[in-house]
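Model the full structure from these sequences, guided by the hints.
Numbering follows numbering that gives the first Met the number 0, with no gaps: position 14 of the sequence shown is 13.
Because the hints were derived from the structure by calculation, they are not lab data. Please read all numbers here as calculations on a predicted model, not as lab measurements. Warning: the hint list may mix true and false statements.
[Claimed, not checked] Pairs of lysine-lysine residues, derived as DSBU-like cross-links and limited to a Cα-Cα distance of at most 30 Å, are as follows:
#1 K199 with K178
#2 K178 with K140
#3 K140 with K199
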Amino acid sequence: MIWINGVLVSPGDRSLYGERMLRGHRVWDPYRSKFAALAHLGYGVDLPPSLRVLYLGAAHGTTVSHIADYVECVYAVEIAPRPMQDLLSLARQRGNIVSIMGDATRPEEYAPLLERVDLLYQDVASPCQAEIASAHRVFLKEGGLLLLMVKTRSIDTTADPDEVTRGVIEEISPSYRLKAVVPLDPYHRDHRALVCEGVK
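What follows is the structure in structure tokens.
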């Protein structure tokens with residue numbers, strides 16, 4: 000990942016959604032992207048040009064666009080029609096984004112469109128976040144990474160965020176080996192990033 004004077008950026012010659020430009024690069028704001036927040040907190044993931052990414056919960060494509068600046072291909076899954084319009088527009092501009100309108104709780108419906116990937120990134124507001132991660136393990140290469148952005152309030156609005164996170168970790172443990180738990184404060188309140196490796 001590229002840093003310029005302490006600012007996280009991605010390669011790009013023009014702004015795509017109103018973000019600042021810095022020396023021919025697009026500024027990647029940690030307050031708008033949990034992936035960027037994770038990097039700012041010291042847990043950034045290398046994004047080599049050969050990487051293939053499956054992104055669940057792509058929304059309007061803000062973070063997708065930055066990841067696509069680095070990697071070979073991003074499969075971007077989103078269920079909501081309005082964000083999908085923006086995602087489709089982005090995909091038309093970028094040859095390495097495959098936009099998929101689908102329900103992340105039903106991966107079998109879009110499985111024929113996918114291949115095995117090096118990185119699984121999940122940012123889905125659902126009480127079924129652990130189940131979604133486990134169901135998508137089949138698409139992750141051996142030794143691949145899962146970045147799971149646990150939206151604790153989407154799972155339980157009243158429980159302690161750390162308790163909710165422990166429950167998610169326990170549920171995904173048959174499929175993933177935990178490497179780090181990273182609270183995303185001050186960028187994203189009540190969110191925890193789980194950095195995991197797929198297990199055999």
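*List of violated hint numbers, smallest to largest*: none
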